[in-house]
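**Q** Chains A and B are the protein sequences, given in the same order.
Residues in the first sequence are numbered consecutively from 1, following our numbering.
Residues in the second sequence are numbered consecutively from 1, following our numbering.
Derived by calculation from the structure, the hints in this document are not laboratory data.
A portion of the hints provided could be inaccurate.
Selected chain A positions facing chain B (Cβ under 7 Å, derived; list incomplete) [claimed, not checked]:
#1 M1
#2 K54
#3 Q71
#4 V74
#5 H80
#6 Y102
#7 F174
#8 I176
The model shown is predicted, which means the values in this text are computed figures rather than measured ones.
Glycine included, every Cβ here is placed at the ideal spot set by N, Cα and C.
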Amino acid sequence: MLKVDNIDVFYGNIHALKDVSLEVNEGEIVTLIGANGAGKSTLLKTLSGLLKPKKGVVLYQSQQIGGKPAQAIVKNGISHVPEGRRVFSTMSVEENLELGAYLRNDREGIKKDMANVYELFPILGERRKQPSGTLSGGEQQMLAMGRALMAKPKLLLLDEPSMGLAPLIVKKIFEIIKMVNEQGTTVLLVEQNANMALSIANRAYVIETGKIVLSGTAKELQESEQVKAAYLGGL
Amino acid sequence: MEWIQQLVNGISLGSIYALIALGYTMVYGIIKLINFAHGDVFMLGAFIGFYAIARWEIGFFPALIIAMALCAIIGVVIERVAYKRLRNATRIAALITAIGVSLLIENVVIYFRGASPEAYPEVLPETSINILGVNISSISILILAVTIVLMILLQFIVHKTKIGKAMRAVSLDPDAARLMGINVDNTISATFAIGSALAGAAGVIFGVYYTRIEPLMGVLPGLKAFIAAVFGGIGSIPGAMVGGLSLGVVETVVSALGFSLWRDAAAFVILILILILKPSGIFGKNTREKV
């Protein structure tokens with residue numbers, strides 16, 4: 001479904017991604033784990049069109065999308081839930097969800113999908129008229145995910161959904177990621193919380209200072225000594 | 001009773017400030033630029049309205065609509081030609097450019113038609129309506145009606161339409177807005193179009209109310225509208241409305257008290273006070289500078 005081939009990306013003057021290649025197949029949950037500053041967010045931003053690759057190809061459903069503007073990529077079915085949620089704080093929960101469906105014109109479909117989001121995250125339904133800035137961190141994460149789902153993505157890019165959340169909420173968020181995946185959305189998940197990420201993923205990549213250093217099935221990586229030592233908190 | 005009459009005058013003047021201030025505040029909200037050329041768009045609106053009414057002899061309302069439409073186009077052209085390429089430049093570079101655009105517009109107008117003032121034609125017979133012993137001129141009522149309609153329309157656009165929601169989203173977080181599929185460049189252009197159309201309307205209203213227009217007429221009302229926007233909290237639409245109306249009333253009251261020479265000074269004293277006491281303005285949020 002998505003094939004990234006030898007891309008180089010610069011973030012200002014920093015050479016953030018070097019020769020990165022990665023593949024996501026339809027129906028999978030693929031996770032990209034790595035430390036702070038390894039280039040995880042840069043990769044997602046490149047996939048969603050916020051950054052342009054200097055070199056290399058990004059193929060999505062056999063179409064070159066690398067360097068295309070973000071709105072074209074959203075239209076093609078890739079939604080990005082950014083790091084730190086980035087909800088529109090003074091706008092209500094409902095308005096945030098409406099913005100998620102910005103490129104859609106099917107009123108009935110939008111209504112239906114909004115109902116689906118409220119079913120997936122009942123707390124958002126209760127707070128639909130509330131400014132999203134007043135929600136808790138976990139609720140904002142749910143809103144950011146719901147907002148991305150409103151675009152009806154085929155591929156969902158998630159950047160650190162567990163960041164700054166209590167363990168119980170993290171568990172809930174990951175359950176929902178699995179549920180969304182089971183309903184047919186392919187997921188590329190970027191995480192520092194390697195344990196959680198590997199527990200729901202099919203396959204995984206490890207990124208270090210802009211390079212993919214390891215890849216395999218989630219199970220393989222969970223058992224790899226290298227990963228255990230560096231990302232799973234030792235033995 | 002005389003006081004109520006002064007209040008009405010103040011509100012009429014304040015309506016003009018408020019309409020200009022809205023453009024300042026919307027543009028600032030979305031690209032953090034104080035568009036100092038905005039007062040000159042107001043001037044262009046006044047002249048377009050003048051030519052439409054006096055030369056082409058179409059009525060007030062068609063002239064108002066033509067002035068708003070042309071100013072909207074002018075605003076978009078200014079943004080595309082002068083500001084767009086500075087999106088990632090320092091803020092001071094954009095600010096200096098804005099001042100440059102302002103001087104350019106003023107001098108181009110002077111070059112083509114000279115600096116002499118023009119007398120606005122009468123659009124309404126000079127009558128006044130007596131409401132509970134207060135004489136209110138028909139022009140004041142017209143100004144008020146037009147302003148109220150435009151403000152309601154603006155609130156509707158900003159809160160209920162797709163483009164309005166996109167404008168608010170871009171002003172809150174441009175990158176997150178991009179991820180929704182919002183075309184940020186078009187949204188910024190739309191903001192300039194709406195703000196400039198309101199300034200154009202203010203120009204026509206100004207001409208009708210004060211009957212005298214000239215190429216440098218935008219400088220002082222532009223500055224005062226800027227003060228009104230800061231007073232209300234720059235970036236806040238209700239702030240610009242309240243700020244503009246309050247400034248108009250304050251100026252009129254200062255004049256009515258017999259200090260008409262101090263009228264302009266009053267506006268700047270307000271600016272100094274607000275910058276000392278509450279720099280974020282009445283409706284402004286205390287935003288921390290993001291690094």
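**Q** For each hint, tell me whether it holds in the structure or not.
**A** Hints and how they fare:
Interface restraint check for M1 of chain A: the shortest CB-CB distance to chain B comes to about 19 Å, outside 7 Å, so the restraint is violated. Violation of the interface hint for K54 of chain A is found here, the shortest Cβ-Cβ separation to chain B being roughly 18 Å, above the 7 Å cut-off. Interface hint at Q71 of chain A: satisfied, since its Cβ lies 4 Å from the closest Cβ of chain B, which is below the 7 Å cut-off. Interface restraint check: V74 of chain A against chain B, minimum CB-CB distance 4 Å, threshold 7 Å, status holds.
For the restraint placing H80 of chain A at the interface with chain B, the shortest Cβ-Cβ distance is roughly 5 Å, inside the 7 Å limit, so the hint holds. Given the 7 Å rule on beta carbons, the hint for Y102 of chain A holds: about 5 Å separates it from the nearest Cβ of chain B. The restraint placing F174 of chain A at the interface with chain B is violated, with a minimum CB-CB distance near 22 Å, outside the 7 Å limit. For I176 of chain A, the suggested interface contact is broken, since its CB lies about 19 Å from the closest CB of chain B, more than 7 Å.
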